[in-house]
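*Asks:* Please put together the full structure from these sequences, using the hints given.
Chains V and S, in that order, are what the protein sequence lines are. Numbering of the first sequence is given in full-length UniProt numbering, commencing with residue 1 and proceeding in unit increments. Numbering of the second sequence is given in full-length UniProt numbering, commencing with residue 1 and proceeding in unit increments.
In short, the hints are calculated from the structure, not lab data. The reader is advised that the hints may include incorrect statements.
Unchecked claim - Derived lysine to aspartate or glutamate pairs resembling DMTMM-like cross-links, with alpha carbons at most 20 angstroms apart: (1) S:Lys111 <-> V:Glu717; (2) V:Lys172 <-> S:Glu32; (3) V:Lys720 <-> S:Glu74; (4) V:Lys65 <-> V:Glu717; (5) V:Lys720 <-> S:Glu105; (6) S:Lys186 <-> S:Asp124; (7) V:Lys703 <-> S:Asp124; (8) V:Lys52 <-> V:Glu189.
So you can see what is in the structure, the chains are spelled out below.
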Amino acid sequence: MFKLNLKIAWRNLWKNKGYTFINVLGLSIGMASCILIFIFIRYQMSFDEGFKNENRIFRVVTNWKYNSYEDFSAGVPIPFSAAARNEIAGFEKVGTILKRGGVISVKDAAGKEKLKSREAVYYTQPDFFDVFSDIKWIYSAPELALSKPNSAVLSEKYAIKFFGSVKSAIGKTITVGDKTNLLVAGIIEDQPQNSSFPLGVIISYETYAGRFNENWDSVNSSTSSYVLLKDGLTAKDVQASLTRFNQKYYPIQKITGNQTNKLQPLRDIHFSEKYDNFADSSINKSELYGLAVIGLFLIITACINFINLTTAQSVNRSKEVGVRKVMGSKRKQLVSQFLTETFAVSLVALLIACVITELAIPPMQNLFKGRIEFSLFAHPVIFIFMAILVAFVSFLAGFYPAIIISKFNPALAIKNKISLNNGGLSLRKILVVVQFSITVILIIGTLVIIRQMQYVQEKSLGFNPNAVAMVGIPTDSLSKIKYNTFKERILRIPGVKEMSFCQSAPLSSNINSSDFTYNGIKNEDFELRNMRADENFFKVFDLKLIAGKIFRKSDTANACVVNETFLKKMHILNPQDAIGKVIRASGNTVPISGVVKDFNDQSLKERISGLAIFPGNDQYWNVAIKMDAEKLVSSMKEIEAVWKESFPNGIFDSGFVNESINSYYESEQIMGTLFKVFAGVIIFISFIGLFGLISFVATQRTKEVAIRKVLGASTIELVKMLNGSFLIMVFIANLAAWPLAYLFVSKWLSGFVYRVDISVWPFALAMVISMAITLITVSIRSYKAAVANTINALKYE
Amino acid sequence: MIQLTNIEKYYANKGVKNYVLRLVTTTIKQGEFVSIMGPSGAGKSTLLNIIGMLEEPTYGTYEFLGEDVTSLNERKRIELYRNHIGFVFQAYHLIDEMTVYENIEAPLLYKKIGSSERASRIADLLDRFNIVAKKDLFPNQLSGGQQQLVGIARALAAQPSIILADEPTGNLQSAQAEEIMTLFKKLNQEDGITIIQVTHSEKNAQYGNRILHIADGVVKEDLAVLS
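*Replies:* Here it is as structure tokens:
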């Protein structure tokens, strides 16, 4: 029976090639998008999976609660691990791991330097590998390789990069920084891409110079501690001892901000907004949900096409249904026959979808700048997903039409006297409205995202980042002596206008903040952002002063400049009042010499902080060089040459301020691209569905069109008549979509402190777009119907 | 009013020409009531379709009201439909989704006639054909004869000078058929409307005043009916 059903299904599909094509095309594009989204979401969800103790592994993080705000860090104080190991009974193992940057150089057999590169290095205790006991060691073991100072462990990839092969790396020496030589004492397997700690170069913790630090107040977010709870314990069970631990250590040193430590489950690390991670790859779960919803939208839209076309066509098959019923077919058998047909279509669509997915994967990898590698069949769960997808689509798309068709009264069906439009609101119309509401929501979403990204690009940040390059400079004492000559040589290069020693550009996520006293009174409400830069910083970035003046040229902090927001937060109304008042922050006690006009010191997602700019020769690690925009390339080349001559041991590393500002919006830009693509796909699916539907309506109304023609209707009048109901449906869909779209875009925009106002125009434009495309799609077909030969339709019944 | 000269129509199928009409030449004057008769497949309907400009002849010329309309652009043809020609079909061809009233109103809307004028004309027609009570019913709620009355009322609504009827009584019982034919005769005699009908029935043909006998695409006889 099934085989026969399949055969008949095939013939029917072949007979209605046009509609089948529309169905399969829509479904396969929808499915392909769903599969792509699924691969992406699965990849993100798979971060740090597969450790056998994953439910017992936690990262310790640090929280602060100030009067007016909270702060979070993924790190712990240096003494934490040792103390916790002794005092918290619930911890089976505690492993410290620090991420730092370092210049690694490798010498060949003759002692000549053959490779030098800047790498992330991880200072790690052997205990870390007891927490993550699944990480495989190709050579040696954690205890052996990492308990002594001056030993290092490489991942396979780095062993090959440095020494050509795993074997030849063992026992060799690498140098970190200028003089620390490390013996390669172990090799581990490469960490997968979906890991929050991409270990490459690991150095024994005993090598780390700062390991004896006893300061509980200082927390670096790259100093992490991972713990393994004892078997059978949960985070709740150790909470009591952790609270006791916090009470014991933090109040003693009178640490501000009510500092506490907290456990974060391993699998939450990748999705954490508050706490960063070593791989810099966290993603917000709500973005994943957003994508999943879009995937669902896509598949629903495609299914709606299917339902609409199938029910519309079912009239043509009423005779078959009638005859089958008369021959004794049960309704159940008919339903299964029609479901078989849908199943066949879904299966074909799935195959095509796989091909489309394969084709779409390279551009998608591109979107993520190649940092993520996807493949269709990387994980067996994709097959389960595909099976569910086909089952879901066959059922969703096939069930309703099957029920409708099998319900036909045989007597009427045989005479072809079935009419589907029994007045009122037909399901088909509702589905079209739903479909177009989804489409319109996506169009509006896309328009708003595009507009916000444009705003972000164009908004004046309060400083001028154009044609400014940030160039890293070495900070060792030998190099520091050369700073002045270096500056003189740079300024002599044609095309260079101005240069400033500083820490970072005015807009940077590299934040150094501290508590402070103003005019002798300790502030409890907010932390002051400390920026270090010399007096030329203001000229390089075109920062304007609204009161006072810039501090005098100095190697140490002699005065500072605060910003307007600082005054606002301190409730100082007249900028002049602040001049000369003394600020004490991060070891400096200096008067305020000037007030700078507010500029965005972080991405537009964040508010401007209260900040102070101090000079301080010993804390610069960058120079900002303002150039003539037209001579960028040649100037950069010369700057590099001068740099290399001045600092022969360093590694030249530069970037344009503009580009680094853009990088703060990378995830939004990816989101924007995804929206554009999926909105395009959904528009396409909706409109081929619409085309199918108008084709059917036009066929059904051929006779009416012919009658009206002999009554004197012109082509335009007929096209208008056929289009009317579709335009009304799309109009209603617009109205239905607006409130939903409003909720969505206002939620998305709330992620930006500085954002565009939601105006009526994206809504209006979405309406114009959807109506215009509807009009075009529908008119193509209805025009054809209106100019068709009258006489064929008016022949005898 | 209508001048057909050497009208030919054939369908080419794999190089073989299947003639439907051959060298038809005839003149139909204002006020005539012509019945086209002949066996099935003789070409009666094709001839009527050509007169109604629903089909174009392969060869020959056709003048309507002194104007060559052999191949007419759409705008002009619609103009003629709106003002001069009313069609009546064997299968009535009412629009199922519209009531009796709306069906009759349709051609007036296309003719862009004002609403009060429309209302009065429709009221007049409903009155004349005794279907006032049926005006809010849908076609499938009427008998065949009643549907054809509506069909004729619709054809007359635009006040055409000629009515083309393709077997108007073909689907009707004889009593109803008689009623329709009497109506045609009355329209022809009292209102001076030119009527051309295709019919199988000798009896129906007698209501008119001229009969064209067609066989194998050729006009065999052109008889006047003596009343």
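*Asks:* Broken hints, numbered, in rising order?
*Replies:* Failing hints, ascending: 2, 4, 7.
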